[in-house]
Every structure is written in structure tokens, then in C-alpha cells.
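J.: Order-wise, the sequence lines are chains A and B.
Here the first sequence is numbered in the working numbering, starting from 1 and rising by one per residue.
Here the second sequence is numbered in the working numbering, starting from 1 and rising by one per residue.
Careful: at least some of the hints might be erroneous.
[What the hints assert, rightly or not] No more than 30 Å apart at the CA atoms, straight line, and that leaves these computed lysine-lysine pairs for DSSO-like: (1) K187/B <-> K187/A; (2) K240/A <-> K11/B; (3) K249/A <-> K179/B; (4) K179/A <-> K187/B.
Think of the hints as simulated: they come from the structure by calculation, not from any bench.
There are 2 protein chains.
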Amino acid sequence: MSSNSSSRLGKLYLVPAPLDFGCAQQSPLDQSMPMATLSAAACLQYWICENAKSTRAYLKRIAEITPLTGPLQSLDLQELPRAVHKKGDHHGEFDARHLLQAALAGHDIGLVSEAGMPAVADPGSSVVRAAHDLGIEVVALVGPVSLLLALAGSGLNGQNFAFVGYVPATPSERAQRIKELENHALKTGQTQILIETPYRNQGLLQTLLQTLQPTTRLASASGLTLSSACHHSGTVTQWKQKAWTVDNKIPTVFCMGR
Amino acid sequence: MSSNSSSRLGKLYLVPAPLDFGCAQQSPLDQSMPMATLSAAACLQYWICENAKSTRAYLKRIAEITPLTGPLQSLDLQELPRAVHKKGDHHGEFDARHLLQAALAGHDIGLVSEAGMPAVADPGSSVVRAAHDLGIEVVALVGPVSLLLALAGSGLNGQNFAFVGYVPATPSERAQRIKELENHALKTGQTQILIETPYRNQGLLQTLLQTLQPTTRLASASGLTLSSACHHSGTVTQWKQKAWTVDNKIPTVFCMGR
């Protein structure tokens, strides 16, 4: 409990979402979510989300397991502004305090993103920061985090790692950035984790295989928490020998290092 | 499924453990663990672990929820060598293939650490790497990861972050390392996540408050998944004004950035 929180204030719950967003296949919620997380989410009347439609779809899945606090239509869903999705909201330029009115009035609020943990590789940190600024207690609930499942399954260094997000889309800039990240990984031993919009997975893999040194270790993790989940891990030479590929329709996380 | 895995081989399951290791208070397992994770763990006869005693204690907690595959005494627990705990096992110097004999014989194996996700801020990556080298399928199960719960609850940049592990124990080296990390965080916007042995939490906090610039943002997350879980987040100036502290008996994760 934050020392400056008041019992009159609601709390901000960080509610993880399943990782099957946008996938043809869905994973059962109990595959990736503790019951305590689903129960806490089911109690919430107020929500801050990336997209109200997909949040309703998630809440409908929760309702199949445990009853919601009221009818789906009665829940109060506020969307984060679109500009915050695109540019990210960690620059401190977006003031999210107005989204937390319900908590100031004593109601608990849920923060949820499209997949995984809100505010990690997803928007939401502006809301968490605003909560701290207002003395609203923050509670992070347990759920799936694709980056860390990918890292654990990579066999790469998990004692020193960085998530660097997306690499540039322009081929030359992309290759340069990948070389930069590889140099850093090889020099410091820090595993570098990167992601791409699914339909560009194969393109990113191609650039990685063309750009990285033969002995650099590369790992992919696709469809995490789905029954089709797949990890590959080996040197660039092994990747080429085994002709491993990734799917352009399934969320994939890449890790590289030594 | 890894393309080179064979149906005759067992799989390597990465089994997360609750975060209350060494804490006076325990969190109910359903607070932090999906039922599917507990069910998968309960089926495993073969284990690779940091410490057999604490793994047995964890399995006993699982058995209270879902029956194990056999009596606790009958399970096969192999400990990672002590040298691997201390130095980490991501250097590629430790060959863990001999630990995976059971999988080569067709049995599934669980890999577990003392708390959280194995191979993340904990030993285990040598085992995962060996599994990939042997064509053994790796399955990462969902559970709590303190680093990411801390990051999500920090309000700091979650779109670019690094986990850097422990800082040096010697005061001058420690302060220098913290300055180095702060410079990197302020320059690149990359949140830096660090941890300390619990009994040194207050010492680390003191050095952070003495070393960081007044406007740098610092966050702590203590006792994650426990009912006493506590996040603090603010500028160094705010930390001093509010006289926030951390507990020397509870695992704590620190995040810093701009």
C-alpha cells in the first residue's frame, strides 16, 4: 500500500490480457491467467483501455468463468487517446490524470491493453504515473508477459537483458540498428529483445539472418501460451542449416545475444 | 513445437515459482499461478532446480491444490551445481546436457528456480540452451515475474527497458555504476531495472537517493503478489520529501529513468 494513499481513494489495477489477441486460435483463459487475476478483473466497474471493443471481448471471456460486477453494457470503459497508442505515452507529455476521476471518487479502476501486461511494450505508463502522482494505490496483477516467456525459453542471458521495441522499417536503417544492437549484445553480454508487427515477422527474420554474425545466437518465440507455441534457438549458422522460419500471422518475439 | 523435436523426446517445462520465497508472509498459489501451470507442474516426475529442499516445499504447496504424479519422495530432483548459481550460467561454459537425460529417454522435465521465472534473473539458461541443442521442445509456463510487475507498476517507460541485475557492493564502485546507468537512462529513455539481496535494500536506496539527480524518476516495488505489496514512484526530490522507505526483509525491485 502506498504510504500516501487514502482509504477513500480507489485503486488502479493493472490487468494483464491473454496473448492470443488477433490470433486465429484462442488459448483458454486458465492457461495464462491466475484465478485471482480474473476474479479481481470481474469486480471492476471502471476501465481504461486501448480499445473498448477488444476489452469488451476480453470481459466476455472472463464472464464465462466468473460473473462480472454488472452487465457488460453497464461497465464504464475509457479509451486512451489514439496518439498515445502510436507514439507511446512514456514521454511525460500526456497527462492522464483526468482518466482517473473514478478512483478519486473512491472506485477501483482496471487498466488493460490488447495483449499481455499493460504499460509493458504497450501504452499505459502515463496512467500509472498519474496514479502515483495522485496518491492512488497501484496493484499489478499476474498474467502472461510474452517478452519474459520468450527470454526464458531462449536459452540466452536472462541476468542482463534489454527490450528495445521495434526496429526501423527502412531496410538500411533497420540493418544498421540491428548491427548496433548486436555489437552491444556481444560486447556487454546483454540479451537484446525485439518485436515486430506480425505481418513483418518473416521480413525481420530475413534481415536478422543477413545482418548478424554467424556465431551470434538468435531465438524466436511464437504463439506463446497457445497450443502451437514454438521456440527456436541457435546460432545464425544453425538457423540457416535448419531453415527455421517464423509465421507472419502469429505474434513473435526475437532475442539475440552471445 | 520445435521443428527438430521428436515425439520420442520429453519436453522441458519452465515452471515459475511464487515470489514469496524467504518471506514471512506467503501468497496463496492461485494469486500468482494459472491453474494450467500448477496442473502441468503436478504431472512432472523429473525436475532440475536450484535447491531441492525449496522445490519440495513448492511441490507440497501444489499438492494441496492438485494431486502430484506420485509421492513427493519418489520425484527425481536434480540440483544445478552451486557454481552455476553464483556466477550465472549464461556464459556457455557450463554444459547442462547431462541434466536432460530423462528427456532424451522420453520423460518431461520441469525447470524451476527459487522464485519467479527460471532463467530470468536466476540460473537456468544453460539448461534451456542445452535443451535446444538436443532438440528437446521447450515450454514456458505462465507465472509471476517480479521484474515486469515492478516495471508495469512504476509508471516508467515500458517500451524500452533493461534489467541490469545487481550493482557492485563496494560504495564507490556502486555509486559509479548507478551514475553510469542513470546517464544511459536519461540519454536514451531506457528504464533501468535493478535488484539487490533483500537485506541490502535500504543501503541501495540510500545510495540511489544520494547519487541520482533530483529530477530522475525512481520506483520501488516490494512484496509483489503479497497482500502487503507496495509500489512507490516519484522523482528523487519527491522520494526525499515523502521519506519513502523500503523493507530490508522483503524482495524489492528498483526502476529508474526519466
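J.: None of the hints should be skipped; say for each whether it holds.
T.: Here is how each hint holds up against the structure:
1. Under the criterion of a C-alpha separation no larger than 30 Å, the hint pairing K187/B with K187/A is consistent with the structure, at around 20 Å.
2. With a CA separation close to 24 Å, the supplied pair K240/A and K11/B stays within the 30 Å bound.
3. Simply put, K249/A and K179/B have alpha-carbon atoms about 42 Å apart, too far for the 30 Å limit, and the pair is violated.
4. For the suggested pair K179/A and K187/B, the alpha carbons sit about 20 Å apart, so the restraint of at most 30 Å is met.
Taken one by one, the earlier hints fail for this structure only at number 3.
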